[in-house]
Structure formats: C-alpha cells, structure tokens
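Put together the whole structure using the sequences plus the hints.
For reference, the chains in residue letters:
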Amino acid sequence: MSFSSARGLLAAGLLLGASLLPAAAVAQQPVTIGMVTTLSTSGGYLGQDVRDAFLMAIAEEDGKLGGVPVRLLVEDDGLKPADGRQIVERFLKRDNADIVTGVIFSNVAVAVAPSVLAAGKFYISPNAGPSDFAGEKCDPNYFVVSWQNDSLHEAAGAYAQELGYGNAFILAPNYPAGRDALTGFKRFFKGNIAGEIYTKLGQKDYAAELAQIRAANPDMVFHFLPGGMGIDFMKQYVAGGFRETTPLVVSAPSMDTRIMGALGDAALGVRSASHWNSDFDNPANRAFVEGFEAAYGRTPTAYAAQGYDTAKLIASALRAVDGDMSRQADFRAALKRAEFDAVRGGFAFGANNHPVQDWYSLVVEKNAAGETVNRTTGKVLEKHGDAYAAQCRM
Amino acid sequence: MTLFLEQVLNGLQLGVTLFLLAAGLTLVFGIMGVINLAHGALYMTGAFVMSSVTMSTGSFLAGMLAALAAAAAAGALMELVVIRRLYRRDHLDQVLATFGLILFFNELASILWGRSPLYLNTPPLLQGLVEIIPGVAYPVYRLAIVAVGAAVALLLYVLITRSRLGMLIRAGATHREMVGALGVDIRLLYTLVFAFGALLAGLAGVMAGPLTSVEVGMGESILILTFVVVVIGGVGSVRGAFAGALIVGVTDTLVRAFLPGLLRLALPPASAAGVGSGLASMSVYIVMAAVLLWRPGGLFPAKGSRA
Amino acid sequence: MTPAAVFRPAWAAWRRDSAVPLLGALLLLALPPLAGLAGEPFLVSSFTRILVYGLAAVSLDLILGYGGMVSFGHAAFFGVGAYAAGMLTHHAWQGDLPALFGGPLAALPVWGLAILAAALTAAVIGAMSLRTGGVYFIMITLAFAQMLFFLATSLEGYGGADGLLLPARNAVPGIDVTADIPFYYLCLGLLVLFLLLCRRIVDSRFGLVIRGARQNRRRMTALGYPVWRYRLACFTIAGAGAGLAGALAANHATYVSPDLLHWSSSGEIMAMVILGGMGTLYGPVLGAAAFLLLSEFLPLLLEAAGFTGMKEHWRLLFGPLLVLVVLYGRGGLYGLLAGRRASRG
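Chains as they are written, first to last, in our numbering: chain U, 57 to 450; chain L, 756 to 1062; chain C, 82 to 426.
Treat each hint with caution, since some may be false.
What the hints assert, rightly or not - Here are the simulated lysine to aspartate or glutamate pairs, EDC-like style, with alpha carbons at most 20 Å apart:
| hint | chain 1 | residue 1 | chain 2 | residue 2 |
| --- | --- | --- | --- | --- |
| 1 | U | Lys149 | C | Asp261 |
| 2 | U | Lys242 | U | Glu218 |
| 3 | U | Lys246 | U | Glu438 |
| 4 | U | Lys149 | C | Asp257 |
| 5 | U | Lys392 | U | Asp154 |
| 6 | U | Lys392 | U | Glu192 |
| 7 | U | Lys149 | U | Asp139 |
| 8 | U | Lys177 | C | Asp261 |
| 9 | U | Lys120 | U | Glu438 |
| 10 | U | Lys435 | U | Glu218 |
| 11 | U | Lys149 | C | Asp284 |
| 12 | U | Lys242 | U | Asp261 |
| 13 | U | Lys392 | U | Asp378 |
| 14 | U | Lys439 | U | Glu218 |
| 15 | U | Lys149 | C | Glu377 |
Said to hold, decoys possible - Distance ranges between label pairs, derived from CB positions:
| hint | chain 1 | residue 1 | chain 2 | residue 2 | range |
| --- | --- | --- | --- | --- | --- |
| 16 | C | Ile256 | U | Asp386 | 37 to 43 Å |
| 17 | C | Leu274 | L | Ala905 | 55 to 61 Å |
| 18 | C | Ala180 | L | Leu1048 | 41 to 47 Å |
| 19 | L | Ala906 | U | Gly320 | 30 to 36 Å |
| 20 | U | Glu427 | L | Ile866 | 52 to 58 Å |
| 21 | U | Asp414 | L | Leu832 | 54 to 60 Å |
| 22 | C | Ile256 | U | Arg383 | 32 to 38 Å |
| 23 | L | Leu1022 | U | Gly222 | 48 to 54 Å |
These are computed hints drawn from the structure, not numbers from a lab. A virtual CB, placed ideally from N, CA and C, is assigned to each residue, including glycine.
This is the structure:
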C-alpha cells in the first residue's frame, strides 16, 4: 500500500470515527422533548422567552415535569422552514424525541408538524396555530396551547368594532399566520377595509407601506407584525407623524412587552387584544411573573406565558402516565383534559385541540408611577374558540 | 402623484446608501482587482459599533466617529491579513476566501452583540418631518441621508479627479507596476484605498442603523445589490457606481411600491403581494442582465481597468 | 506531463489515482451496516445528504475545475431540478397528471423531467452568459440565479417563500424509497454513475478541448475549435447533473424551498468543490462530506472540548478554515490524500 493511500485510509478512518462520536452520548431513560424554536433573527426573542419559561418550569421541579425526568433539546430554526425540518428529523430519528414543541412561526409549523405526526409523536405548539391544522387536517396528536391564529386577530377585530371605527387599513406579513391574521380580523370587524397590504416576512423598511396609508387616510390601522417587524414599523410610523392622525388597534404580538419597551413613549395610546397580560390577578400568574422576573431580570411576554403553560400542560400529562410514553392513548387523553393551572386563568381545549378562552382589551398608558404599561381594560370575547373547530372531525 | 414623488425620494435614499457601499467596492475591484464579498461585513461593523457606542454614551456623534474609525480599522486589518494575499489570485479564490471571511465576521458579531437585533432611535437633531413637497411630510432623517450621500459623491469626484491621491489611484488602476516603479509605495496605497472603502461602507451602516434594525447578516442582503450596482455602473468607475446606484435604488423602490398594487387588479391580495414581491426583487437583476448584454463593460467602464 | 501521458487512454488512468476513490467507495458502501452497528442509524440520512450535495458539487467541478468557468449560480440548476420534482409530485398526488407520474414508476418521468428542466435552464443561461468572461461571467450567473430564486419565492401556488412539502418520495421500481437505507444506496449508485460519466467526458477529446480552453482560450480557437459551443455543452451537462441532485434532494427531504437557489447555496457548493479539490471529480465528494460533517459535528466537538458556550459559533472556526484552505491548500483534501499529481486534471 502506498504512503498516500495509507494517509487516505487514516483520514477516512478519522472522519468516520468523528462521525460516530454522538454514539457516546445517549441517555434513554428521561422523556426526550425536542424544542425547535426561533432564537435568532428579529423574531429571536420570542423563542428565547418560550425556551426560558419552559426551562423555568423544569427547574421548578429540579429537572422534572410532573415528577418525571425530562431531557430538553433546544435548537434554533432561524425562522427557516427548511432548517426546522432538518432539526425535527434529527429529533425524531437520532434523539428519539417523544414530544416536539417550541415552534413560534407558522411557516415553520406547516413544514415541521407533518413529519412529527407521521412519526406518531406528539406535536404541542406554544405559539404557532395555523389554520392549516385547525379544521379538516386536525390530528389527535396535534395540540396548540396559545391560540388558533385567526382567533388572536378576531379579538382585535371585535375590539375595533366595539370602538366603532368606520374603516380600517390592515397589514400583515405574507406567510400563513399573516394571512390568518387579516382573515380573522375581517371576520369580526364589520367596517370597510380602506386598504390591505401583505408585507414581506422580516421586512425592515416600511416607507412604501406608510406612503400608501397616508394616501388612503383611514380611520384606524390594524397590523400583525410580531417581533422586530413590529418595532421597525412602529418607529417609522411615529417618525412619519401618523401617531397624531391615525389610531392603532393591533393584535397582541404587535405590542408585546419587548416592543413596548423598545418604543417607550411612542407606544402610548396603542390598543390591542390579548388572552394574557402580565397584570392578570390569579395566583398562578402572579407566581409566574414574579418567578420569571427574578430568574431572568425582565418582564415576561405572552410568549413566555405560553411557553410556561405548555410546560405545565406536558407536566400534567406526564404525571398521568407516570412518564411511560408507550401509553400513548392515556397521554393523549391527559393532554386533552388539560388539568393544570394556566397563568391566563381558565384553560380548556376545543374539539380540534385548540384553546377555547376569553379575550381582553388592552391599552398602553402610563401608570401612577409614571411607567409605561399595557393595562387590561375589559373583556372583548368570552369562551371564544375558533372558526375551524366545526370542520374537524375527531 | 405625491405618492409617486415620495417613493422617488425613498428610491434616492436607497440609491445613496448603495452608492456609499458601491464606491468602496468598485475602487477596490477596479484598482486591486479583488472581489471582496466581505464588504458587507464592514457595513455591519459600522452599524453595530455605532449602536453600542451611542447607546452607552448617549451621543450620536461619538457613536458615528467611533463607528467610522472601527470600520476603517477593520478594513485595514482585513487587507493586511487576507486581501493582500489575494491580489495575484484568480477571482474564484477571492470569492471563496472572502466568503469565509463573511462567516467569520457574522459569527464574531453574534458573539460580541448577540443574535437579537439592536434598535436605535434617530438622532434628536434629525427627527421630525419636513414638507419638501407640498402635501408630503417627509422624514428629515431620510433627507439627511440623501444629502450626505450627495456630498460624499461630490467629495469623491473632487478627490479622484483633482487631487494627487486621486491621480495615484487612477494610475494604479491602469498601470500598477509603473506606479510602483515610479517610487510610490503601492502596498501602502492599496491599504489606504481599502481602508477608505471600508470607511464609506461603515458610513452607510451608520446611517442605515436608525432606520432599520441592526443585526447579524445585515450586510449580505445589501451586498448583492451593491454588486449589481458595481457591475451596472462599470467596474472601477466611481461615476458608474453613482449612476448605477441611483438606477438600482429608484428602480427597486418604485417596482416594489407599485407592482403589488398593479397585480392586485388581477390577483387576490395575498397572491399579489407574494408574486409582486418576488417579481420586484427580480427587476433589478433583469436590469443588470439587460445592461450587461447591451454593454458588457457596464455603463461607464473605467478605461484599462482589469475585469 | 509528457505528450504520451496526455494521450493515455481512459482506462489507464485507473492505475494511478484509483486507490483513494476505491477506498472511498468501499467506505460509502459499508456505511449503513457500520452505522447500524454503532447504534446511529441517523447517519445514513446524514450521508445521503452528502451524496446528494456531492453530486451537485461534482457537476460544478466539471465546469469550474476542468472548464475554468466560475459560475456563481450553480444552485439555480440544483433548485430547478428540486422544484421540478416537487411541483410534479405535488400535482401527481392531486390527480392533475397521468397515473405514470404518481405510480410505482414515478421516479422515471419525474426525475427525467427534472434533469431536462435543469439542462434547459443551463442551456439558456449559458447561452447568454458564456459570451462574457471574468468577473462579468461570475456576476451574470449570479444574477440569473438570483432571478430564479426570487421567482421561486413568488410561486404562491407552491408555497412561495415558505416552501413546498412533497406528499411522498417518487417511487422507483424494485426499491423501497421510503426507507433510509435503500434510498441511500440509490443515491450512491446514481453518484457513482455520474462520476463515471464525468470521468469519460473529461478524458475524452471533448474534455481535452474544455481543459485546453481553460488554459488558453485563444489557442483552442486558433486550433479551430468552436470554444463557445463546447463550453455551452459542458455547461448544460453540468446543469443536468445538478438537476438530478436537486431532484434527489427534494426526495430526501420531501420538501423544497427557495433557499436551495440562494446565492449562499451556490457559495456552499463552490466551497465544497474547493475544499475537496478542484478539478479532480472525486474531490468534490470529499469536500461535500467535509463541509456537511463539519457543520454537523464541529459544534459537538467544541462542546466536547469544553467550549460549550461557543457551540453555536462553530462558523467562527469554519470561516478562517475556508480562508486557509483557499490560500494555502492547493488541491484540497483530495490533493492531500491522493498526492499532488492526482489533482489539477
């Protein structure tokens, strides 16, 4: 054998050896939960909040959920459906995950959920609730803890309707959740639509859209621009002088705690509709908010609340089957029962495994201490499900 | 009509940002013959440094000066360590080496500043609106960007055509060995030119920061457009970069603003948005392909420059 | 190289640089059972990706390494092949196409059309681009690739920017494509076939013209060869190869997205060619393996070495590594393994 061939053999051997490394790190006893979430890009803080709240729930039980030891694997999808798919393939095939959770954005959800369901594993979403899986394509192993996408914006539409606006200019990014958003808003807002724009997901410069709003001169503006998109748009909205002329009624993700903090006074007066707010006065929520602020030094967003509720839901089901994931039917039934203290107050699943819950109106204002807060002002919808539950035949 | 004029102004603003980036890129390309994919990383450096310095000191001016210095320094360092070894290499090697640099810079930025975007407010002096066109209140800050860009363009023109340094630059572009033989330290000249290009890129980053968020990878998206500008304008020609930048900036903005609306006459809103956005992004490349097929050297090819 | 060596018949080349490729082939053949023994069946899926990207990289090497055509838009043909497969499979399952496209022979028409679509795209783009040279060629190929990328994002009916899920992999007679291991061997077989084809091309008179044109275009033209036509043919064949790789990629992930056509994807394929060894045909496969394995295991290595916090920042090492290979690693990995003379065909 020549020298160069020997070197070739050695190199090949090293390469193969390196690729077998992970064989060393295998622990099968704990229940493996694969969390694929968005930790980078302008939507990164959403996934960070879900992850941190989930970790907090696990830490409260010393590495367990519902008394069962769990192994949480966290990966960043970077808001790319293709990457999310690869990560989930690894979770399912290499890590033998029983539960996949964490997906924030609906375009990733649509690409990722089918793989999980086809493998017969559980998919529990702390945030994304696309209409794709809420109706005919509902699945017994598919659960959403936050809301069905449309209903989030139906609440805003109902609130805008309650406030009596004649017409509205609406915008959202062009991806599944954005399309659900405008559909949902229009379902409950009975006024005219002065203009309807789909922006690009991740877009930063809204000069063109603002120019069109100026030309349309609507009574109000509704938008669904989660994460950094919301910050970018609002900054440019204020800079363009719209705050004085055109009020905003937005969906909750467009005015979350982080966006509000980044905008400061520019956020004052903006209204939104949400299923959760940090000022909800029930024991579970107070403990959660205090615990989160103590652990992470920041006020939790709704994403954190949803992540926490997801962890608690999984804990309640794990407790019911004592960590034995082979008892799939029992686990499924326990999930459906949802016997846990949700931080948003009551919690119940509808027929299509999406929540049925109350929706509240919020407004950003200064409190007695002069701080900018998002204050709950009233209830907009009660025990509201979603428009697709009837089509789900489970 | 006012909508159209407002969009034209937006287009000029984008064009000016592209010009600042393209000017540096085309000089480096024309004079040193190096394709530098990592140019966008210098833009990002300017934006990040300005954000952190402004946020910690509270002074926009301090942030800007620190950012320009940092960008120029990063550029000089990049040139000394990597670019210098690429002068004699073919374009493929330059592309790949600078591609590797992009990976490095993005990762470094995410270590230093994290993966979440930074949000900066426009400086208080430049906040507010002004009615430059009757009926349209246009943000002062965007106008300031256009003004700065125009000033830099003028400065560059004077520098290149009327100054000794500019003469050396033009000479170096056409007859590198000759300039060296005449006793000019060509290596120092190259480093200076590269650092100057980096400074311009940093300035573009400084100005863009308050408008949009500052995040890892922000250089790549604008880099591709910058290359299109350089190629349309003609490699090595600052005049070409200016023309190309304005063409690209205005075309991209106008098509992006009006095409979805036009498509909405025939398609449902979501489809119109998706198709419109895709086609609008394509428009710039179609323009570039058309220009190249008509004038293979670009609009204002610098005479004798290497391609 | 002596004149006699230049006109050596193809089969004689086997003697010289056959050791490394044969070893590599044996290793790849043995991978599934080895992975099973090691308790890591997921490796089969990882290596299938390597085979698919290796195929794309080999097709690029044909025009890049041998032809000297620096195309920065190769991912476009990869993506066209993938999307063709995706769209055809999507429609086949919706019932819009004849049963042939969805039945047990589905791979034949679907992959065949994918190859054809990619080849056609390459022919059209090549016809327009090959008239230019140098940096303009690089830029115009990039421009066309970006155009196709944005076109893909605007395909609302096929998911647009969010991508398109394939209902299932295309059936191949006699092979269970839904299982990891049979699909792996199918990809391996196709890669080997394509490598053999490229070897034949490169060692033939056609290949000699292409290689000669890379070294000195004027001389080849003076010798009477229509260089442009030869290059266009080469470009088209490379495009077809990338298209096949794309169809396989679409099948492997049962998913296509515009990211496949992005210029950074082209950059990655180029990096694979360079890392592995330009102008060697086998090198790019090594390069694909190195690139993909590094991206999967460098984070784990960092963690094992104690740099847990740096785990996600593996590109901090990978970037400079690429720079070093470009600056000093003439011949890439293949040159390292098989000796200098085997590379730079």
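Inset, instruction - Find the hints from earlier in the document that the structure breaks and name them by number, from lowest to highest. - result: Violated: hints 9, 11, 12, 20, 23.
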